[in-house]
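Q: Here is what each chain is made of, one letter per residue.
2 protein chains.
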Amino acid sequence: MSIRIGIYGYGNLGRGVECAVHQNPDMELVAVFTRRAPESVRILTEGVPVLHADDVLSMKDKIDVMILCGGSATDLPVQTPALAKHFNVIDSFDTHANIPAHFERVNDAASASGKTAIISVGWDPGMFSLNRLYAQSILAEGETYTFWGRGVSQGHSDAIRRIEGVLDAKQYTVPVPEALSAVRNGENPTLTTREKHTRECFVVAEEGADLARIEREIKTMPNYFADYDTTVHFISMDELREKHGGIPHGGCVIRSGKTGIAKEHRHVIEYSLKLDSNPEFTASVLTAYARAAYRLHNEGAVGCKTVLDVPPAYLSPKSAEALRKELL
Amino acid sequence: MSIRIGIYGYGNLGRGVECAVHQNPDMELVAVFTRRAPESVRILTEGVPVLHADDVLSMKDKIDVMILCGGSATDLPVQTPALAKHFNVIDSFDTHANIPAHFERVNDAASASGKTAIISVGWDPGMFSLNRLYAQSILAEGETYTFWGRGVSQGHSDAIRRIEGVLDAKQYTVPVPEALSAVRNGENPTLTTREKHTRECFVVAEEGADLARIEREIKTMPNYFADYDTTVHFISMDELREKHGGIPHGGCVIRSGKTGIAKEHRHVIEYSLKLDSNPEFTASVLTAYARAAYRLHNEGAVGCKTVLDVPPAYLSPKSAEALRKELL
Chain A
1 MSIRIGIYGY GNLGRGVECA VHQNPDMELV AVFTRRAPES VRILTEGVPV
51 LHADDVLSMK DKIDVMILCG GSATDLPVQT PALAKHFNVI DSFDTHANIP
101 AHFERVNDAA SASGKTAIIS VGWDPGMFSL NRLYAQSILA EGETYTFWGR
151 GVSQGHSDAI RRIEGVLDAK QYTVPVPEAL SAVRNGENPT LTTREKHTRE
201 CFVVAEEGAD LARIEREIKT MPNYFADYDT TVHFISMDEL REKHGGIPHG
251 GCVIRSGKTG IAKEHRHVIE YSLKLDSNPE FTASVLTAYA RAAYRLHNEG
301 AVGCKTVLDV PPAYLSPKSA EALRKELL
Chain B
1001 MSIRIGIYGY GNLGRGVECA VHQNPDMELV AVFTRRAPES VRILTEGVPV
1051 LHADDVLSMK DKIDVMILCG GSATDLPVQT PALAKHFNVI DSFDTHANIP
1101 AHFERVNDAA SASGKTAIIS VGWDPGMFSL NRLYAQSILA EGETYTFWGR
1151 GVSQGHSDAI RRIEGVLDAK QYTVPVPEAL SAVRNGENPT LTTREKHTRE
1201 CFVVAEEGAD LARIEREIKT MPNYFADYDT TVHFISMDEL REKHGGIPHG
1251 GCVIRSGKTG IAKEHRHVIE YSLKLDSNPE FTASVLTAYA RAAYRLHNEG
1301 AVGCKTVLDV PPAYLSPKSA EALRKELL
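Those protein sequence lines, which keep their order, are chains A and B. Numbered according to our numbering, the first sequence spans residues 1 to 328. Numbered according to our numbering, the second sequence spans residues 1001 to 1328.
It is possible that some hints are incorrect.
[As the list claims (entries may be wrong)] Taking lysine-lysine and the DSS-like style, the derived pairs with C-alpha atoms no more than 27 Å apart in a straight line are: (1) K1219(B) <-> K1243(B); (2) K1085(B) <-> K1062(B); (3) K196(A) <-> K219(A); (4) K1219(B) <-> K1196(B); (5) K85(A) <-> K60(A); (6) K263(A) <-> K1243(B); (7) K325(A) <-> K1243(B); (8) K196(A) <-> K243(A); (9) K1263(B) <-> K318(A); (10) K196(A) <-> K1325(B); (11) K318(A) <-> K62(A); (12) K1062(B) <-> K1318(B); (13) K263(A) <-> K1318(B); (14) K1325(B) <-> K85(A); (15) K1243(B) <-> K1196(B); (16) K219(A) <-> K243(A); (17) K1219(B) <-> K325(A); (18) K1243(B) <-> K1263(B); (19) K1263(B) <-> K243(A); (20) K62(A) <-> K85(A).
[To be verified] Here are some, though not all, of the chain B residues that point toward chain A, as calculated from beta-carbon distances under 8 Å: (21) V1030; (22) F1281; (23) R1324.
Simulated from the structure, these hints should not be mistaken for laboratory data. No residue lacks a Cβ here, since even glycine has one placed at the ideal position from N, Cα and C.
Start from the sequences and build out the full structure, keeping to the hints where you can.
A: Shown next as structure tokens:
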């Protein structure tokens, strides 16, 4: 029997989950939920209903796992606990500082309803967190570094778009090559924010806008840009669409540590991602963890989990025997 | 209370475990077991007894986890099931083809005794297996590649040493740079054995030995060298000791796959290791999984597991709350 998947929220991430479900023969998409008028939403899968978010409880017994595809700022803090009262749920909540509070809310809801939830699934938080954990546990003495990019930061792109005179913008986060190679060489450098990443901005300005002011406002924006070396390129709308239409991302987690009685041996562990589509990759991780949630729930696991709690084998459609034989 | 560790077998790997235990404040080494005369074995830790392997049962109630540090060819197939009758055990059994049979034997023993065993812990099998599993589960459509090296293969070095006229030898397994970069570019090439790795041999021959014959015997040796492009360098014993005294290794697992409704987006996941000391790194992985075995056992988990079954959080000395807050 297939794992029956629901998608709650149908933007880039929701579409990514829909595509990922197609790639996993043990899963079946049974409904997409939206806050828009359902008849206005066209999905990629024929024969699957698009329902209004308000009608979600009508599908309570027809969905094994609900994958939440809303945003972390305002959607998920409300939606994940609310839906965990009725469904097994997966989300990609990625506001690192608020994960403990989100965990508690979702855990309370899922524990009370007897459902299984896995939160903060994706690549960071998610696969990068896992790799920080494995690497730190193995190399007890050492330093862990996370680099992001080269890739598009949606939050930083949005921040530029809010500046007066800006029509559109795309911001790339870029690791500093010298920092990256020092870390890969096992030098364990101490790096400031500025030394780790630069920010590259492609901006379409209104005709006649004060470009010097826009550039200054970007470069001095607190939290977003002030602590970084930032480059601003003004380009045309055509060029933005043509050359900067994608949502690539990636990055790496590197741990460098020493072993031996005199710490005489150095080891470097690196996990890296090069992603053409950030939302589709995140969606693929969510979908694999939906399988894990389904299995955990069938075994009686109740409450909230994170990627750190889930046995790796639960992600795979293969049996434990097959995994030991083919892959271990 | 510390996790009380026993080391069974005291070669390079056993010494590596001893060093790793020093780096983990929640662990304590309580005994080292050897088949040699115990008084002839000097260990690095003061005050810890070296006991004969025959006396292992005298420590039955004083050891939480026994880490087995013997070889996969003849030691572990016998020792792990035998010790799992009395102890929680960890081993690094690495003969891939025999893992299912070894698993069954250890599982039978541990299930009967109510103990917890984790087998085939290390980097391959081990961390590489985990990464194959995670990457395949996330990118359902794609190809997985494992490259080993540049590093010393003990088995291939031994095979050369058995040739007549050879005094000593060191063999390096080396990934072919062109293959590696095609895989990293997401080209999903089909690669033969010869196209993936080359073998580089540093050989010390007896004075007057027939070097051409030795080189021919190496290059045509079935299984070990015949399917590879092999380079043989004859060097002096001094040079071998000076330049090839270490046991470095490493390698990478790369999965490249596509997502999107028309498979229009490519993603590359890479996990790589650069290790100054193969046995000390393997020992560090074993030690982290000893912590997991201890916890699993305390929770009532009985029988044999592999790295694929163990929730990542069990490897860390930190609490689940701390991990969510600091690392997720």
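Q: Take the hints in turn and mark each one as holding or not.
A: Verification of the hints:
no. : hint                  : in the structure
1   : K1219(B) <-> K1243(B) : 23 Å, holds
2   : K1085(B) <-> K1062(B) : 15 Å, holds
3   : K196(A) <-> K219(A)   : 17 Å, holds
4   : K1219(B) <-> K1196(B) : 17 Å, holds
5   : K85(A) <-> K60(A)     : 10 Å, holds
6   : K263(A) <-> K1243(B)  : 20 Å, holds
7   : K325(A) <-> K1243(B)  : 38 Å, violated
8   : K196(A) <-> K243(A)   : 25 Å, holds
9   : K1263(B) <-> K318(A)  : 23 Å, holds
10  : K196(A) <-> K1325(B)  : 22 Å, holds
11  : K318(A) <-> K62(A)    : 24 Å, holds
12  : K1062(B) <-> K1318(B) : 24 Å, holds
13  : K263(A) <-> K1318(B)  : 23 Å, holds
14  : K1325(B) <-> K85(A)   : 24 Å, holds
15  : K1243(B) <-> K1196(B) : 25 Å, holds
16  : K219(A) <-> K243(A)   : 23 Å, holds
17  : K1219(B) <-> K325(A)  : 31 Å, violated
18  : K1243(B) <-> K1263(B) : 48 Å, violated
19  : K1263(B) <-> K243(A)  : 20 Å, holds
20  : K62(A) <-> K85(A)     : 15 Å, holds
21  : V1030                 : 18 Å, violated
22  : F1281                 : 5 Å, holds
23  : R1324                 : 6 Å, holds
In the structure shown, a violation is registered for the earlier hints numbered 7, 17, 18, 21, in ascending order.
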